[in-house]
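Visitor: Residues per chain are reported as follows:
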Amino acid sequence: MIFYWTDTLFFILLLMLAASVIRTRSKEHLRRPWRKVARSKSAMVSLTVLIFYFGFAILDSIHFHPTESQAGEGSFKTEAISLLDWWANPLRQRTEKTYSAPFASYGFARETVIGEDGVSRRSYPRLLYGGAHLADPEHGKFLDILQTGFKGFRDGFFAWLVLAALLTLITSKSSNLQFVPYATEIVKGRTEIPWRAILITLLFLLLASFGLGELSLKYHVFGTDKVGEDVFFQSLKSIRTGLLIGTLTTFITLPLALALGILAGYFRGWVDDIIQYIYTTLNSIPGVLLIAASMLLMQAYMARHEDEFASLALRADFRLLFLCLILGLTSWTGLCRLLRAETLKLREMEYVQAARALGVHQSTILLRHIMPNVFHLVLISVALDFSSLVLAEAVLSYVNIGVDPTTESWGNMINSARLEMAREPVVWWSLSAAFVFMFALVLAANLFADAVRDAFDPRRAE
Amino acid sequence: MIQYLIRRILYAVPLLIGVNILTFVLFFVVNSPDDMARMHLGMKHVTVEAMTKWKHERGYDLPLFKNDQAEGIKQFTETIFYQKSVGLFLFRFGRADNGEDIGADISQRMWPSLAIAAPSLLVGLLVHISLALMLVFFRMTYLEFWGVALCVAMMSISSLFYIIGGQFVIGKLLQLTPISGYDLGWNALKFLVLPVIISVIAGIGSGVRWYRTLFLEEVEKDYVRTARAKGLSETYVLFTHVLKNAMIPILTGVVVVLPLLFIGSLITESFFSIPGLGSYTIDAINKQDFAIVRAMVFLGSALYILGLLLTDISYTLVDPRVRLN
Chain A
1 MIFYWTDTLF FILLLMLAAS VIRTRSKEHL RRPWRKVARS KSAMVSLTVL
51 IFYFGFAILD SIHFHPTESQ AGEGSFKTEA ISLLDWWANP LRQRTEKTYS
101 APFASYGFAR ETVIGEDGVS RRSYPRLLYG GAHLADPEHG KFLDILQTGF
151 KGFRDGFFAW LVLAALLTLI TSKSSNLQFV PYATEIVKGR TEIPWRAILI
201 TLLFLLLASF GLGELSLKYH VFGTDKVGED VFFQSLKSIR TGLLIGTLTT
251 FITLPLALAL GILAGYFRGW VDDIIQYIYT TLNSIPGVLL IAASMLLMQA
301 YMARHEDEFA SLALRADFRL LFLCLILGLT SWTGLCRLLR AETLKLREME
351 YVQAARALGV HQSTILLRHI MPNVFHLVLI SVALDFSSLV LAEAVLSYVN
401 IGVDPTTESW GNMINSARLE MAREPVVWWS LSAAFVFMFA LVLAANLFAD
451 AVRDAFDPRR AE
Chain B
463 MIQYLIRRIL YAVPLLIGVN ILTFVLFFVV NSPDDMARMH LGMKHVTVEA
513 MTKWKHERGY DLPLFKNDQA EGIKQFTETI FYQKSVGLFL FRFGRADNGE
563 DIGADISQRM WPSLAIAAPS LLVGLLVHIS LALMLVFFRM TYLEFWGVAL
613 CVAMMSISSL FYIIGGQFVI GKLLQLTPIS GYDLGWNALK FLVLPVIISV
663 IAGIGSGVRW YRTLFLEEVE KDYVRTARAK GLSETYVLFT HVLKNAMIPI
713 LTGVVVVLPL LFIGSLITES FFSIPGLGSY TIDAINKQDF AIVRAMVFLG
763 SALYILGLLL TDISYTLVDP RVRLN
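Residue numbers (the numbering used here), protein chains in the order written: chain A, 1 to 462; chain B, 463 to 787.
To be clear, the hints were calculated from the coordinates, so they are not data collected in a lab.
Computed list of lysine to aspartate or glutamate pairs in EDC-like fashion (alpha-carbon distance at most 20 Å, straight line): (1) K749(B) / D497(B); (2) K749(B) / D559(B); (3) K749(B) / D496(B); (4) K517(B) / D559(B); (5) K218(A) / D136(A); (6) K41(A) / E606(B); (7) K345(A) / D457(A); (8) K749(B) / D404(A); (9) K634(B) / E420(A); (10) K517(B) / D496(B); (11) K634(B) / E424(A); (12) K36(A) / D450(A).
Could you build all of it, start to finish, from the sequences and the hints given here?
Guide: Written as structure tokens, this is what we have:
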């Protein structure tokens, strides 16, 4: 096992998430808003999609040094691979020479091919892997795609049946109903948590992933890119990058915003002046420019300490981490301002006044009386920021101040595919794949964030 | 009023000094001039002479904060901090790495930026506010539900896709406008249409949703109910009562970005190869030209602070209840 910096932090974050879920379950007043979220269909559907994405990100965050048989041919033994790499080994290894369209069995560009009669002519070469099992791709391909896809769908459907039965069994325990009546309740959509909507989403996700998984063993379902890498595999790998950027940023934003915001609001006076000065200064620097400046500096730093970043993977990982930190530094000010305003209001409330009059220590007042009561703001802002951070990654990578060019990310995919739009015929598949994967994630995140905001914002409570 | 203005302008001074010190620390302390020289002259095989020459040409061979070799006031003026920072306050930006005057470049390049950004903002405002008013007019109907759903979907698409898609469909398939480029004078018009359309469409999702929440907050207030009870038509209420009162939060968002229009948009300008300040900054980032990036950071901050000041002034103009003191 190897832990990169981002891996470790990601797992710490997940552990903290799990801890807070367990804590929330035991406290009724914390559970109430979440129950409202759980009743919302759009929120639960999005949550299912988000969990699906997180599953891939977790698989891709467990790195280890492969043994010779796991690594396969042509890859370096010293290179650490993730569980996802190992699982999708066939996808990772089957690289063509250059571009090929989705489901193609012939190359995208004409090449000089030497025929059986020894005469060389310009024609489209057969791909090394895409549809290589077909004797006559022109006729058999469509049927083969249908058959393979159907096989995938069938497996996916069975997997779904098992999962759905398990879920029904587990959740029926907490209701007073037996398995069968509870299942009919679900089918009729009468359960409190919209299990029917969740299960339908799950069905689509499983059908799509099993279908694509089965097909991608024989074809390049989203084509290949300029250096012949499978675009579907790239999109899967990009999930981790996108999610890390959306989540690791909280390591900077939350402590800064919470500490400074509460202190400024509670102590007022010169503390407030200094903290306001800090965040107004930071806020007045245009975000992109600050990020650009910091990334330039980081490149210079890495160039100076070349020996500390021995491998390419380490460099890329450090750059990803640094990007998260910088994005955090530029985005905590908004939350800080909100928290300051809320604390200003809270410190005049009777219970805080009472605590002060009783001589409760100031740190205790801050931690026990103020902090829990501003936490809904934190939650809402984290949820709302997530999607904009995922979108920001793509833009930053385009300006060359995003993640390392060797890291798979949707931004890098868009960036490298952009120029190919001028080609004739158009190379559209890299862009489309990045679009689909990104759109699904950001849409789910947006919908979920909306539900969280509706449930936690007291102004919106009915 | 004038007293308030003076106080606000004085308050901007420490902010600008803060920005200046922050960027100075970022560019010169975290990263010494030696590092910069090495980065520009190639990483590995750099002679000391070449580095000294590079630093001397750019005035980076002085001490950072205090010059012990000089005397009197020169102890502080003959330093990198004084030479490179004080000039920024007077908008003297110095020279870029290729020897060109940054200030001249900026004053020349801000007009194309403005030519893109100003119409984008105006048309965007018009379109987004009318769409939001329409959604509010049809509230509690399916039209509103699907309108909001469409907004959320449009918000979830990266701006890069809008630009690439727009260039592909309008520029390449339909061939209505040139895909990218820029020209002087009125000839620029045909190059401006596409970027403006695309930036308006890309902003619909978040813009319409934002204005809709503003209007919805107003719509539920008492004076609106009174207006309706008096028998005024819904359109009349929306356009005269609601729109007028929602103007204050709308202004906050708009006035603050007005000065920043000069800076332009990094992404749009580089996609459409418009020779504005946005593409200037991107080029500087790619060339690793620290002087330009620092000048742009300072300029951006100064304009943002100006925007905050303008916002406060505009409050008094729109809302007579607000008094500045």
